[in-house]
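Asker: Here are the chains, one letter per residue:
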Amino acid sequence: MTAVATLAASIRELRKDYVLSGETVHALRGVSFDVPEGDYISIMGPSGSGKSTLLNLLGCLDRPTAGSFLLGGEDVAKMNDDQLSETRAKRIGFVFQSYNLLPALTVVENIEMPLYYGGRIDAGTRDRCVELANLVGLGNRLDHRPSQLSGGQQQRVAIARSLVNDPRFMLADEPTGNLDSVMTAEILDLLASLNAEGRTIILVTHENEVAARTARTIVLRDGHILTDERR
Amino acid sequence: MSRGWRTLKLSIKSLLLHPLRSALTVLGIFIGVAGVIWLLSIGEGIGRAAEEQIAGLGARNIIVRTIKPSADEVQDAGYGLTRDDYIRLLATVPTIDKAIPIREVSREFRNGTRKFEGRCVGCTPDYAEVTRLEPRQGRFLTDGDLINQSNYCVLAAETADRLFPFGDPIGQKIMVDDHFFVVVGVTKSRAPSAGIGGSVAAEDFSRDVYIPITTMETRMGDMEVVMKPGQFQRDLKELSQITIQVKDRDLVLPTVDVVRDTIARNHTLADYGVTVPLELLQQAQTTRLMFMLFLGLIAAVSLVVGGIGIMNIMLATVTERTREIGIRRALGAKRRDITQQFLAEAVVLSVVGGLLGIVGGLLCRPISILIRGRLLEWFPEQMATLPEVVRTVEPMMVSWSIPLAFAISVIVGVTFGVYPAIRAAQLDPIEALRHE
Ligand SMILES: Nc1ncnc2c1ncn2[C@@H]1O[C@H](COP(=O)(O)OP(=O)(O)O)[C@@H](O)[C@H]1O
Ligand SMILES: [Mg+2]
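Quick note, the sequences are listed as chains A and B, same order.
Residue numbers 112 to 342, in the numbering used here, belong to the letters of the first sequence in order.
Residue numbers 977 to 1412, in the numbering used here, belong to the letters of the second sequence in order.
A portion of the hints provided could be inaccurate.
Here are the computed distance ranges between Cβ atoms for each label pair [as the list claims (entries may be wrong)]:
| no. | chain 1 | residue 1 | chain 2 | residue 2 | range |
| --- | --- | --- | --- | --- | --- |
| 1 | A | Leu246 | B | Ser1375 | 51 to 61 Å |
| 2 | B | Glu1407 | A | Asp238 | 34 to 44 Å |
| 3 | B | Leu1380 | A | Gly133 | 45 to 55 Å |
| 4 | A | Arg237 | B | Leu1351 | 52 to 62 Å |
| 5 | B | Thr1295 | A | Asn245 | 36 to 46 Å |
| 6 | B | Ser1375 | A | Asn245 | 56 to 66 Å |
| 7 | B | Leu1362 | A | Ser258 | 32 to 42 Å |
| 8 | A | Asp277 | B | Leu1380 | 48 to 58 Å |
| 9 | B | Thr1295 | A | Leu337 | 33 to 43 Å |
| 10 | B | Glu1412 | A | Ser158 | 48 to 58 Å |
| 11 | A | His255 | B | Glu1407 | 26 to 36 Å |
These stretches of chain B come out as covered by chain A in the derived footprint (C-beta under 8 Å, 3 or more residues) [stated by the list, open to error]:
| no. | segment |
| --- | --- |
| 12 | 985-993 |
| 13 | 1114-1123 |
| 14 | 1297-1306 |
| 15 | 1403-1410 |
Partner residues aside, some chain A positions facing chain B, computed with beta carbon under 8 Å [to be verified]:
| no. | residue |
| --- | --- |
| 16 | Asp145 |
| 17 | Met190 |
| 18 | Asp192 |
| 19 | Asp193 |
| 20 | Ser196 |
| 21 | Glu197 |
| 22 | Arg199 |
| 23 | Ala200 |
| 24 | Asn211 |
| 25 | Tyr227 |
| 26 | Gly229 |
To be clear, the hints were calculated from the coordinates, so they are not data collected in a lab.
C-beta: ideal position from N, C-alpha, C; glycine also.
Work the whole structure out from these sequences, hints included.
Answerer: In structure tokens form, the structure reads like this:
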């Protein structure tokens, strides 16, 4: 590669320690890698190896103990709480293993929710949310509550919600972890099409079949990168 | 849609997810706010009634009244206020505007075969104004009547109606003792004045006959003989009362001292008392203020209890909604957004409670009148034992109590909502998301 691809993110010597009742857990012990714009990365590794910790840092949900994390050129490690919130609201789409929808809100209201905090609500908002619901195949479930949907449908609502601010950078922590193989395939198709639009996607998974559909796989062990291979 | 409006809608929505809990919290504030308004209204009603009674005696007046000393102190020369006292007062106290010598005796009034027991009052023309008697027919006594010692009289409303049930009493004659008096006027009936302690007893003006005091002196003398079983009692006094009206309210208190000195100089017996309605009025106002403060304190306590209810609910809510907070934070909510959301919920609860409380407060008068009516119907004996003021109190809405109550409810909401709201915002997003 001679052409320098623009970097969506650049991670250098990232460390994260948790202090739990006096004992320090080194969840990440110095992780470095670059994420070019439009990359599709899977992160694998045994339980407790630091995958979620890494994804939370990439999602600006937490701050590293040491190291730097440049997101589109800005150092996230130096941001204050409000700036982190703003980055989450405007630039990052996050999909959780357990969906994390608000049970009291309808499908459309759940999709719309991040806009409250991005401050971009206008007359066209609802139309855009309906469009997103259509995109994930839930156009006929707009006013349902999460409890009235299957797991795969709920995860699709969560993906639609993560798209509402049109983020270039998407993160998913075991998005198919709770789903059967049919639904897993649906979700992976959806993510693949989002990646095809040019969005950068990083997901955490246990399953080789899931990792096989991504462009690059990073394997973690004990807070270190074991392998980093492009397919 | 503005940001504030969205926050408000969101908070109403969250509150409606737990309707019973929200309703109970609102109830706490409702009781507090309605309580503030009720207590202030009732306090105001009682206070006003007391002040009106006292004001009825005249704020510019000083009332000097004869008190009968104990039997062994009474001398043959008689007791009580004298005409000399009256003359001296007029001559030596320059701040006096009017002074009225009054002598009251019990008499039987007759018109042919009709008889009526009442009070015969010897007085001067100013009596009508100072006592606030208004003519129904004819006129009141005049200076001419006084100088001529005329046998003219003015009847109180009930006296007139009882002695002359059919015809017009003006120009007719009534008999008192063995004297004829020509009726020159009839007064309108007037609410009785309440006794206010001291030497001033309750006065019922309905059974009176007013005659010039000069005529009374000449025709009836100063001696009353009261027949009791087995004995006669002699009662010698010149005047029952001197009512003084001072030129200006501010001059009342200095004048009282001069009046006391002037009379004391000629009295060795404690056979008179001085009552100053203005002093009583000021006392009543202080008492009322204390009373209102006390009631306000009670209401404030109930509001604090309501506020603690809000805080309790909100804290429980924060724990219960930890996951929701985590989700919102993860999706970009700032600490400030979370604080605002929870604060808005607390304020909505207390404002709704406050508005309902104001409505409840406005119903104070009709409801309390209704309740009193019921109580009078069901427990007439017990009600009769209550003090007059309590039995007849009409709650008076205090205009400032509404903004006050509303402001208090908002303040309670904010005060007791701030801590839970801050607690909610301090939650770490990742920790909150892990919460089950
Ligand atoms: N909030 C936390 N407090 C303390 N220790 C934690 C916390 N989160 C994760 N850890 C620890 O950090 C290590 C990495 O955890 P995690 O990133 O969740 O692993 P994975 O997602 O790969 O299973 C584990 O040993 C875990 O116990
Ligand atoms: Mg994990």
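Asker: It remains to establish, for every hint, whether it holds in the given structure.
Answerer: Here is how each hint holds up against the structure:
1. At roughly 59 Å, the beta carbons of Leu246 (chain A) and Ser1375 (chain B) sit within the given window of 51 to 61 Å.
2. Between Glu1407 (chain B) and Asp238 (chain A) the C-beta distance comes to about 36 Å, which sits within the given range of 34 to 44 Å.
3. At roughly 53 Å, the beta-carbon separation of Leu1380 (chain B) and Gly133 (chain A) lies within the given 45 to 55 Å, and the hint holds.
4. In this structure the supplied range 52 to 62 Å holds for Arg237 (chain A) paired with Leu1351 (chain B), their Cβ-Cβ distance being about 58 Å.
5. The given range of 36 to 46 Å is respected by Thr1295 (chain B) and Asn245 (chain A), whose C-beta atoms sit roughly 38 Å from each other.
6. At about 58 Å, the beta-carbon gap between Ser1375 (chain B) and Asn245 (chain A) stays in the expected band of 56 to 66 Å.
7. For the pair Leu1362 (chain B) and Ser258 (chain A), the beta carbons lie near 60 Å from each other, so the given range of 32 to 42 Å is not met.
8. As the Cβ distance of Asp277 (chain A) to Leu1380 (chain B) is approximately 50 Å, the hint placing it in 48 to 58 Å holds.
9. The hinted window of 33 to 43 Å between Thr1295 (chain B) and Leu337 (chain A) holds, with their beta carbons roughly 40 Å apart.
10. Range check, Glu1412 (chain B) to Ser158 (chain A): about 19 Å between beta-carbon atoms, so the 48 to 58 Å window is missed.
11. The hinted range of 26 to 36 Å is satisfied by His255 (chain A) and Glu1407 (chain B), whose Cβ atoms lie roughly 30 Å apart.
12. Using a Cβ-Cβ cut-off of 8 Å, 4 residues of the segment 985-993 of chain B lie near chain A, which meets the minimum of three, so the contact claim holds.
13. Chain A is given as covering the segment 1114-1123 of chain B, and this is violated because 0 residues of the stretch bring a CB closer than 8 Å to a CB of that chain, at least three being needed.
14. Counting residues of the segment 1297-1306 of chain B whose C-beta sits closer than 8 Å to any C-beta of chain A gives 7, which meets the bar of three, so the coverage hint holds.
15. Coverage of the segment 1403-1410 of chain B by chain A holds [criterion: at least 3 residues with CB-CB distance below 8 Å; count 3].
16. With a cut of 8 Å, the hint placing Asp145 (chain A) at the interface with chain B is violated, because the nearest CB-to-CB distance is about 25 Å.
17. For Met190 (chain A), the interface hint is violated, the least distance from its beta-carbon to any beta-carbon of chain B being 12 Å, above 8 Å.
18. Interface hint status for Asp192 (chain A): upheld, as the beta-carbon distance to the closest one in chain B is roughly 6 Å, under 8 Å.
19. Because the beta carbon of Asp193 (chain A) sits about 5 Å from the nearest beta carbon in chain B, less than 8 Å, this interface hint is met.
20. Satisfaction of the interface hint for Ser196 (chain A) is found here, the shortest Cβ-Cβ separation to chain B being roughly 4 Å, below the 8 Å cut-off.
21. Restraint check, Glu197 (chain A) versus chain B: the minimum CB separation of about 7 Å is within 8 Å; hint holds.
22. The closest approach between the C-beta of Arg199 (chain A) and any C-beta of chain B is roughly 4 Å, which is under the 8 Å cut-off, so the hint is satisfied.
23. Hint on Ala200 (chain A) holds. Least Cβ distance to chain B is approximately 2 Å, under the 8 Å limit.
24. Checking Asn211 (chain A) against chain B by beta carbon gives a least distance of about 5 Å; that is within 8 Å, so the hint holds.
25. Contact between Tyr227 (chain A) and chain B, as hinted, is supported at the beta carbon level, the nearest pair being about 6 Å apart and thus within 8 Å.
26. Below 8 Å, beta-carbon pairs count as interface contacts, and Gly229 (chain A) has one with chain B at about 6 Å; its hint therefore holds.
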